[in-house]
Amino acid sequence: MSKPELEYKVSALHTLLFFIICLFFTLVALQWELKQRYRYHTYIKPQKLSDEVLRSTLDDFNLFINCSDPCIEHFLKKHPEFAYMSPLWVHNSHTYWYKFYTKELKRRGLI
Numbered sequence: 001m002s003k004p005e006l007e008y009k010v011s012a013l014h015t016l017l018f019f020i021i022c023l024f025f026t027l028v029a030l031q032w033e034l035k036q037r038y039r040y041h042t043y044i045k046p047q048k049l050s051d052e053v054l055r056s057t058l059d060d061f062n063l064f065i066n067c068s069d070p071c072i073e074h075f076l077k078k079h080p081e082f083a084y085m086s087p088l089w090v091h092n093s094h095t096y097w098y099k100f101y102t103k104e105l106k107r108r109g110l111i
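The sequence shown begins at 1 in my numbering and counts up one residue at a time.
I should point out that these hints are in silico values taken from the structure, not numbers from a laboratory. Here a beta-carbon is modelled for each residue, glycine too, at the ideal position from N, C-alpha and C. Misleading hints may appear alongside valid ones.
As the list claims (entries may be wrong) - DSBU-like, lysine-lysine: derived pairs with alpha carbons at most 35 Å apart: (1) K77 <-> K48; (2) K103 <-> K78; (3) K3 <-> K106; (4) K45 <-> K103; (5) K35 <-> K3; (6) K77 <-> K45; (7) K35 <-> K103; (8) K103 <-> K48; (9) K78 <-> K99; (10) K35 <-> K77; (11) K48 <-> K9; (12) K78 <-> K45; (13) K77 <-> K106; (14) K99 <-> K45; (15) K45 <-> K9; (16) K3 <-> K45; (17) K78 <-> K9; (18) K48 <-> K35; (19) K35 <-> K45; (20) K106 <-> K35; (21) K3 <-> K48; (22) K99 <-> K48; (23) K35 <-> K9.
Unchecked claim - Label pairs and their in silico Cβ distance ranges: (24) P87 <-> A12: 35 to 45 Å; (25) V10 <-> Q47: 18 to 28 Å; (26) R39 <-> E7: 18 to 28 Å; (27) L13 <-> K77: 16 to 26 Å; (28) F18 <-> T42: 28 to 38 Å; (29) S11 <-> I65: 18 to 28 Å; (30) A29 <-> A83: 19 to 29 Å; (31) L76 <-> E7: 21 to 31 Å; (32) A83 <-> L110: 22 to 32 Å; (33) E33 <-> E7: 34 to 44 Å; (34) K99 <-> S68: 26 to 36 Å; (35) L16 <-> A83: 19 to 29 Å; (36) F19 <-> N62: 22 to 32 Å.
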């Protein structure tokens, strides 16, 4: 028995539909990300946090990033300002927070 030949027809309509679906989910993800950042910046003002809190958070993010202590629950217990946020979001956006806290410490002249 021979294999039937498969034909694939490229359709501009299907391509456009796929593009619209991808664009929709990209916008939903972006909206959720911005909502989480706004939520954090509304409740927590990094300028009002003490130097010790900023440094300890930065050190704990280092441990978290390097997988020395990869458990998000341990991180959230140490830093309750992140506790009301989605743990998955805190984990996935750890580079944003690391840069954000580093920038604040540089602004204060501590790094």
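Status of the hints after comparison with the structure:
Between K77 and K48, the direct Cα distance comes to roughly 20 Å. Compliance with the 35 Å bound is thereby established for this hinted pair. Among the hinted pairs, K103 with K78 is consistent with the structure: their alpha-carbon atoms are about 21 Å apart, no more than 35 Å. In summary, the hint linking K3 to K106 is not supported, as the alpha carbons are separated by about 65 Å, beyond the 35 Å threshold. For a cut-off of 35 Å, the pair hint linking K45 to K103 stands: about 14 Å separates their Cα positions.
The suggested pairing of K35 with K3 is violated, with an alpha-carbon distance near 52 Å, which exceeds 35 Å. Between K77 and K45 the CA atoms are separated by roughly 19 Å; this keeps the pair inside 35 Å, and the hint holds. Taking the CA atoms of K35 and K103, the gap is near 21 Å; set against the 35 Å cutoff, the hint holds. With a CA separation close to 14 Å, the supplied pair K103 and K48 stays within the 35 Å bound.
For the given pair, K78 sits about 19 Å from K99 by alpha-carbon distance, which is consistent with the 35 Å threshold. As the CA atoms of K35 and K77 are separated by approximately 23 Å, the hinted pair is consistent with the 35 Å bound. Among the hinted pairs, K48 with K9 is inconsistent with the structure: their alpha-carbon atoms are about 60 Å apart, more than 35 Å. A C-alpha spacing of about 18 Å is found between K78 and K45, which places the hinted pair at or below 35 Å, so the restraint holds.
Under the criterion of a C-alpha separation no larger than 35 Å, the hint pairing K77 with K106 is consistent with the structure, at around 26 Å. The suggested pairing of K99 with K45 holds, with an alpha-carbon distance near 15 Å, which does not exceed 35 Å. In summary, the hint linking K45 to K9 is not supported, as the alpha carbons are separated by about 55 Å, beyond the 35 Å threshold. A distance of roughly 65 Å separates the Cα atoms of K3 and K45; the hinted pair therefore is violated under the 35 Å criterion.
Distance restraint check for K78 and K9: the Cα-Cα separation of roughly 56 Å exceeds the 35 Å cut-off, and the hinted pair is therefore not satisfied. Distance restraint check for K48 and K35: the Cα-Cα separation of roughly 21 Å lies within the 35 Å cut-off, and the hinted pair is therefore satisfied. Taken as a hint, the K35 and K45 pair is honoured in the structure, with Cα atoms around 16 Å apart against an allowance of 35 Å. With a C-alpha separation of about 26 Å, the suggested pairing of K106 with K35 holds against the 35 Å cut-off.
Among the hinted pairs, K3 with K48 is inconsistent with the structure: their alpha-carbon atoms are about 70 Å apart, more than 35 Å. Proximity of K99 to K48 is assessed by CA-CA distance (about 17 Å); at most 35 Å being required, the pair is judged to hold. About 41 Å separates the Cα atoms of K35 and K9, which puts this hinted pair outside 35 Å; it is violated. The hint said 35 to 45 Å for the Cβ distance between P87 and A12, and at roughly 42 Å that hint holds.
At about 54 Å, the beta-carbon gap between V10 and Q47 misses the expected band of 18 to 28 Å. Distance hint check: the CB atoms of R39 and E7 are about 50 Å apart, inconsistent with the given range 18 to 28 Å. Restraint check, L13 to K77: a C-beta distance of roughly 52 Å breaks the suggested window 16 to 26 Å. Taking the beta carbon of each, F18 and T42 are about 36 Å apart, inside 28 to 38 Å as hinted.
At about 44 Å, the beta-carbon gap between S11 and I65 misses the expected band of 18 to 28 Å. The hinted range of 19 to 29 Å is satisfied by A29 and A83, whose Cβ atoms lie roughly 23 Å apart. Between L76 and E7 the beta carbon distance is about 53 Å. The supplied range of 21 to 31 Å is therefore violated. Distance hint for A83 and L110: a CB-CB separation of about 25 Å, consistent with the stated range 22 to 32 Å.
In this structure, E33 and E7 meet the distance hint of 34 to 44 Å, their C-beta atoms being roughly 41 Å apart. The hint said 26 to 36 Å for the Cβ distance between K99 and S68, and at roughly 20 Å that hint is violated. For the pair L16 and A83, the supplied restraint of 19 to 29 Å is violated, since their beta-carbon distance comes to about 43 Å. In this structure, F19 and N62 break the distance hint of 22 to 32 Å, their C-beta atoms being roughly 40 Å apart.
Comparing the model with each numbered hint stated earlier shows that hints 3, 5, 11, 15, 16, 17, 21, 23, 25, 26, 27, 29, 31, 34, 35, 36 do not hold.
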